[in-house]
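Student: Read off the chains here:
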Amino acid sequence: MNQPAIEFRRVTKSYFRGNQEVPILRDFNLSIPAGRFLAVMGPSGSGKTTILNLVAGLDRPTSGTIHAAGVTVSQQRESELARWRARHIGFVFQFYNLIPVLTAAENVELPLLLSTLAKRERTTHVQAALGLVGLSDRLHHYPRQLSGGQEQRVGIARAIVSDPTILLADEPTGNLDRSAAEAVMALLTRLHLELKKTILMVTHDPRAADYAQEILHFDKGTVS
Amino acid sequence: MMKLLWSYSVRNVWVRSSTNVLTVAGLALVSLVLLAVLMLGNGLNRALIESGSTDNILLLRKGATTEIASGIYRDQAHIIKTLAGIAQTSAGEPLAIPELVVLISLKKAGAESPANVVVRGTHPNTFAMRPQATLTQGHLWQRGTTEIVIGAQIAKRFLPGGFGAHLRIGKREWQVVGVFDAQGTAFDSEIWGDVDQLMAAYGRDSYSSLTVHLAHPTAFQQLDEAIGTDTRLLLQVKRERDYYREKSITMATFIRLLGLTFTGIFAFGAILGGTMTMYGAVASRTREIGMLRALGFSSAAILASFLCESLLIGALSGLLAIGGGTALQFVTLSTMNFSTFSELAFRLTLTPVSILITLAFALGISLLGGIPPALRAARLPVTSALRAPGQ
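Those protein sequences? They're chains A and B, same order as listed.
The opening residue of the first sequence carries number 7 in this note's numbering; numbering runs sequentially from there.
The opening residue of the second sequence carries number 42 in this note's numbering; numbering runs sequentially from there.
Because the hints were derived from the structure by calculation, they are not lab data.
Mixed in with the good hints there might be a few duds.
[Stated by the list, open to error] Derived DEER-like restraints, expressed as beta-carbon distance ranges: (1) A:10 to B:55: 44 to 50 Å; (2) B:398 to A:29: 55 to 61 Å; (3) A:213 to B:55: 23 to 29 Å; (4) A:180 to B:398: 49 to 55 Å; (5) A:143 to B:47: 24 to 30 Å; (6) B:341 to A:130: 27 to 33 Å; (7) B:420 to A:29: 25 to 31 Å; (8) B:55 to A:153: 39 to 45 Å; (9) B:398 to A:25: 50 to 56 Å.
[To be verified] A partial selection of chain B residues facing chain A, derived with a Cβ cut-off under 10 Å: (10) 52; (11) 53; (12) 56; (13) 59; (14) 115; (15) 331; (16) 333; (17) 338; (18) 339; (19) 342; (20) 371; (21) 382; (22) 422; (23) 424.
Each residue gets a CB set at the ideal place from its N, CA and C atoms; glycine is no exception.
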């Protein structure tokens, strides 16, 4: 049997507010096969984003182990994690997080700067990624010259440009109107179906969640 | 990677130009204060220390600290001229020139009160011994006449259009027949004429000093010993450059201390200004930093990027200050030469070393100001940085 793309084994995560321990995840188990598109829904503060952070190694579990893209994330050192993230994880953020002083092409090129690709190869990858999201004609536009939907598509191009194994999307439609949100979700679905990407998406939006193969409802650290 | 990160820093400086312009202007002014102090020192250095040559030695009466207070008798001068180790002119004359230095009171053009000016009775061969001085207008004085030539600063500040003018020096009338340029040294603020005529005008029977041009650099020791062991002479021997350096130490130290104290105080303010600017930059780009870390950029890359930005601000400030310094080169100042109590004019002088010091200072200050915010940016926890309020 193939190893799952993402696996949580008895993961507990707590934060401290002053001296008080606030549990977010308790003995949490999750297994996502490679090529799966999973949506996680739940109220604010339920721990949805924590799951994304733990998968990407941006946060550490209090106990338990997390496997993703072939490594035990919870046991890697910071420097190893940074390299691993650059190769295997693509991020799509709610507020796009594009750098305003860089053009669309330069924003998309950022993850490739951490690879060994030469400039010409990077340019080819950037053009391909922006072509895939339908923004071939916006290469040299700055974020302020793009609509919200276009900005998010640039964000998605940046997430896929290094051909990562896993795409993590944190409220990708949270800042978009309905038609832009539908275009973004159609794009994520295409990436899942055509490029066989494993997608883990956190959302409040039931319409966005409907695009996923499976929806996980999350509340107070447990799956319902 | 560095190319895009560098471009990222440059564009961020440009985008935040309204804030950065103030920081750059502040740091540029502080750097200009430092540069002005250095230029002042260079100018004084040029005017005083570089007046003296390492190939010349100056003889003064034992115990005298200045030419004005010194005295050398004619027979002593004759003995000196016979010593070995002295360079000779093409005509075979020894380059050992006895000189008389007197002060006259001259009214400065456009000013009410007069100032003291050095008149040096010397020999035309002095131009061979002091190659920094060249005649730029008119002709040299004829020996045995009351003709004089004036330094460039005297021509500019005391006798504008004074070529051909008559001056009362001692008991005689003297005519200006030439102007010489001494490349910013103290000689530019002097009047030169025939030593014998000047002695007669003042009724003196002794010279003030005697300057000797060495035949070769090692001749100093030889002459020093010969003069020191001759009981008829009772003279002290100094390299001309050392004499002028000693005269300038007090003034140069005072100016440097004063200038550097002010620069230090201003620099502290500039560091705080730079720190605040860069903290502002970090605060407004917290989410951006979080995103870069999430993509896999290391803390070191973030640190380098913000330091690059600080250094860019420093480099701009340094260049601006050097631009200001270039303009300051046209400023001529005057001060009291405490060795002769005469007026000494000098130019603020820009040198490659002062340019490098100013650039290093501006970069250093911007780096110091940039380190705390850059460290803060590099150490931001990624998860909380990603949740930071919008840009």
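Student: Each hint: holds or not?
Tutor: Hints, verified against the model:
1. A:10 to B:55: 44 to 50 Å: About 47 Å separates the Cβ atoms of residue 10 (chain A) and residue 55 (chain B), which means 44 to 50 Å holds.
2. B:398 to A:29: 55 to 61 Å: holds, 60 Å
3. A:213 to B:55: 23 to 29 Å: Distance hint for residue 213 (chain A), residue 55 (chain B) is violated at roughly 41 Å.
4. A:180 to B:398: 49 to 55 Å: For residue 398 (chain B) against residue 180 (chain A), whose Cβ atoms are near 54 Å apart, the range 49 to 55 Å holds.
5. A:143 to B:47: 24 to 30 Å: holds, 28 Å
6. B:341 to A:130: 27 to 33 Å: About 28 Å separates the Cβ atoms of residue 341 (chain B) and residue 130 (chain A), which means 27 to 33 Å holds.
7. B:420 to A:29: 25 to 31 Å: holds, 27 Å
8. B:55 to A:153: 39 to 45 Å: Check failed, 24 Å falls outside 39 to 45 Å.
9. B:398 to A:25: 50 to 56 Å: holds, 54 Å
10. 52: With Cβ-Cβ at 4 Å, under 10 Å, it holds.
11. 53: holds, 6 Å
12. 56: Result: holds, 5 Å to nearest chain A Cβ.
13. 59: Check failed: Cβ of residue 59 (chain B) comes no nearer than 15 Å to chain A, outside 10 Å.
14. 115: violated, 80 Å
15. 331: Constraint on residue 331 (chain B) satisfied, holds at 8 Å.
16. 333: Since chain A brings a Cβ to about 7 Å from residue 333 (chain B), closer than 10 Å, the hint holds.
17. 338: holds, 7 Å
18. 339: holds, 6 Å
19. 342: holds, 9 Å
20. 371: violated, 39 Å
21. 382: Since chain A brings no Cβ nearer than about 61 Å to residue 382 (chain B), farther than 10 Å, the hint is violated.
22. 422: Holds - the Cβ of residue 422 (chain B) comes within 10 Å of chain A, reaching about 9 Å at its closest.
23. 424: Holds: closest Cβ of chain A sits about 5 Å from residue 424 (chain B), inside 10 Å.
In summary, the numbered hints that this structure violates are 3, 8, 13, 14, 20 and 21.
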